[in-house]
Amino acid sequence: MTLDPALLARLGPLQVRARKVMEGVLTGLHKSPHHGQSVEFSEHKEYAPGDEIRHIDWRAFAKLDKYYVKRFEMETNLRALLVVDASGSMAYGRGAMTKLQYAAVCAGALAYLLSRQGDQVGLCISGDPAPDSTERLPQGVREFVPFASSPAHVQEVLRRLEGASGRGPTLLPAALDFAAEKAGRRALVIVLSDLFDATERSIPALKMLRSRRHDVLLLQIHDREELDFPFDDPTRFLSMEDDRQIEAQPRQIRESYLLEMRNFLEGSRRELARADVEVQQIATDAAPDRVLLELLARREAA
Amino acid sequence: MFQFAHPGYLWGLLAVALPILVHLFNQRRPRPLAFGAIEFVLRSQRQKARRLRLRQILLLALRCLLIAAVALALSRPSLKPKGVLTAQASGPQATALVLDASLSMRYRIGSKTLFERAREEALAALDRLGPDEPASVGLCAGAAGFVSGGLPAPSFDRLAVRRLLQSAQPTYLGSDLTSCMTAAAKALGESPVPGKRIIAFTDLAAHGIRLDAPPPLVPPPAGAPPGTPGLKPNIVLVDAAQGSQLPNSAVIATAVRPTASLGARGYEVVATIANQSAHSASGLQVSLKIGPNVLAKGFVDVPAHGTAKKTLGAVLPAGVVTGRVELAREEAQGLDEDDGQDFVVHVPRDVKALIVDGSPSSLRTRDEAFFVEAALAPARTGGRIVSQTLDADAAANLTIDSVDVVLLLNVPAPPKGFAEKLRNAVVHRGMGLFIALGDHVDPDSYNDALGDLLPRPLHLLKTAAEPGAQDSEDHAARFGVVEWTHPLFRVFGPAEREGLESARTFRYALLKPDPASPAHTLAFYDDGAPALIENRLGAGRVLLYTSSASRTWTDWPIRVSFLPVLQQAVSYLASALEERSPAPAAVGAERAVQAPQGLLVAQVIGPDGKPVALRREKQDEADATAGPLQLPGLYRPQVGPPKGTPHEDLSLAFVALADPKEGDLRRVDEAELKAQLGGAGSAQVAASSEAAQGSHGTPLWSGLLLLGALALLGEGALTRR
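Chains as they are written, first to last, in my numbering: chain A, 1 to 302; chain B, 303 to 1023.
I should point out that these hints are in silico values taken from the structure, not numbers from a laboratory.
Using N, Cα and C, we set each Cβ at its ideal position, and we do this for glycine too.
There is no bait here: all hints are sound.
One side only, chain A facing chain B, incomplete, derived with CB under 10 Å:
1) G88
2) M90
3) K99
4) F196
5) A198
6) H222
7) E226
8) S239
9) M240
10) A248
11) Q252
12) I253
13) R254
14) E255
15) M261
16) N263
Using the sequences plus the hints, can you model the full thing?
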């Protein structure tokens, strides 16, 4: 099953959308030939529907007449922090979803998946703070949800994601600094951003995060229009993060724009790969479950 | 100053507004768009902004240029020379197409002659005429101007004009383009259409154009008040040679004359070769053809714009000989028609003479025939005359069938049989008879024996002075009246007549008066007595010399004048005179042909084997005038009795030569020509009529189209980037 973003966008609240995506991923995982089994056995857990049947410990069943599934070190100890960039540029998207909405769907689905397997999930939304915010948060962090794994916690994460709106400059580097601090010991940090950063400090911040031995995964989300630049008419382009603007003939600068964009994508991917940061570049017209499935499959194979 | 053939198309220039509108549309107020990846837009735009603006402007300019160039080209602009009168007719024009059909138009460049090119141009010009433009066409050749005598008034019968053009052929005549254009201007006056135009298609050779003539003027309309000046027509001279130089070499003259160095019937042919080009020609091959055979060949170097003579020698057969001097051609282009010239030469035939010696002597100088034999010796006649000397008795028994001339020198009255034989030969065979007197001659018995063989009967002998006596020189008779134009005496120039007049005659025969006699006296003594008298008898002639052919009665034989007269007399009597070859006729002229006695000129066959038009002064006249002769080459008259079948008489053959001026294709000075035709305002010279017709100036549309194409290419290159 593949979830078309246009279809997904009509599905209403983020909870429904994220759950749908998660279900899609699960179905995909069951079909997948890849079964990672690399981590150490840690404990038994009573079987619940949705657990892998192949993880049922048949010896324990023989002894105790109850289904137990094996828990592994990785799974038990995983702390995952979702860092969502909610800068102005993330609000772009004239298709089914904005980049931020897309990021929220992906983040929500991941939150579901992670909490399902008992992992602790935290959320950090990067951006300038809401004017009515009463929380005391450092610079660059608009919202923060600490690590937890309960279903209620997931609902809180989803609620915050749904409430996020893209505005203001990119403050991702500051948010990443904050995330590094909050994640504490070794954790999985999943960053969802377009990486459009006028200060160009996001990549060093990602590398720094990685250097603190966190497992860093970047979902670099772009709108199809940003990748293809399909405009024809003369246009005054307005910045979504500051007051810069420019008039241009898109047809005449398309070639040059595409070159710049390609250089940016390749450059950031290459640079982050060198620092062992995994990068998944996603366009918002791709099915989110398909994207996540590929991502998980790749991680399991690794 | 610009002018346009189709000014309506200039409205197309308004289309220039289109690219400007497109440009403005592109420059309109842009739509705002909040865009995430503005960083990259900014970076791209910074690089491109300046180049883009330049390209925009360049594109706009190229598109405007493209449209403007096409619109302008469609309107067929041309650059009008300065000072053009605005009085020039615009709108429909009565058009006279004058096609130069002179010999020089046969000049070949590649596979086409100038005439063929000119004819194509003329047909194209005819097609381009508007439906309201009447046209007339004339072939300009010959002294009369147009071939057909004149140019008809312009008419709307386009088909007839076209047919005339399509069937037009070049002539071998010269042309007078100036008078043709004057005649054309006159013909244009008969058309009511106000515009008048002459388009002449010519090689612009200087020989056909008179620069000192008044310019052609269209006469004022019939209703105009007296004193109205004529109108200058628009004149377009279309250069069939398209400005190229036309080098040519030609045989312009041929002279044929006997030469003693080649023996009997040896002739030298002197050909004058002209080289009408800017480079000297070396090693031109000249050949002499008699009939189909090449008898001699030679090479000649001719300087640029100069002439050279080449002499070729040959021994010709007796009779009327027709031949040709030819240049061998190697170049691909040129005028072939003047590379050779025909000639006719009358080569005298050999004469067999029988000398009947009436008073032979063992002492050579005393012999009656001594001086005659000496005069007819092969060394002196070039072997043309073969003589045999016999005494009277031997001669009387000889068959004289093969003898052309018999000379009776102081022969006693011949016996009846011999006289009859002589008479038959003279009357029927055309033999010649020369009679000289002496001491053996008795007038009465001579009259009896020879009868009508004598031009007039002998009367008695007169002794003017005794030879050797004192004062005999003073009393002796001299030649008085002499018919100098007669073939016998033709050889004497005024300075040489003294040689004849100084001869002294001591004794001679007087003749009986006979008013009815047809005999013709060629020379008289100073006392009025005939000295040489001729009579035609049947087919032959008899010549009587009333004194002796030896020194017994006269000292003429020792005078220098005796020898040529005797030689001429023998040739004359044998009808083998070294006749002067007929002078060549000119192509385009007429030629009078005189029929031999009793015969009628039936027809004259031209070089192409077809009879030439003949004209007679009177209905039943024997002579005729042939012509005008259209072709260069040999013409062969045929003569015959009034009601019999005619036969060719080569002795009347003559050659017609083309005007050597036609071989000189040097171009007329264009500036002078325009000035002569009424100034650059009304006359122009063009390589094709298309360039000139309808417009009068340098055409610009092809350049504009090229400009438009370049703009299109540039526009394409810019937009593809």
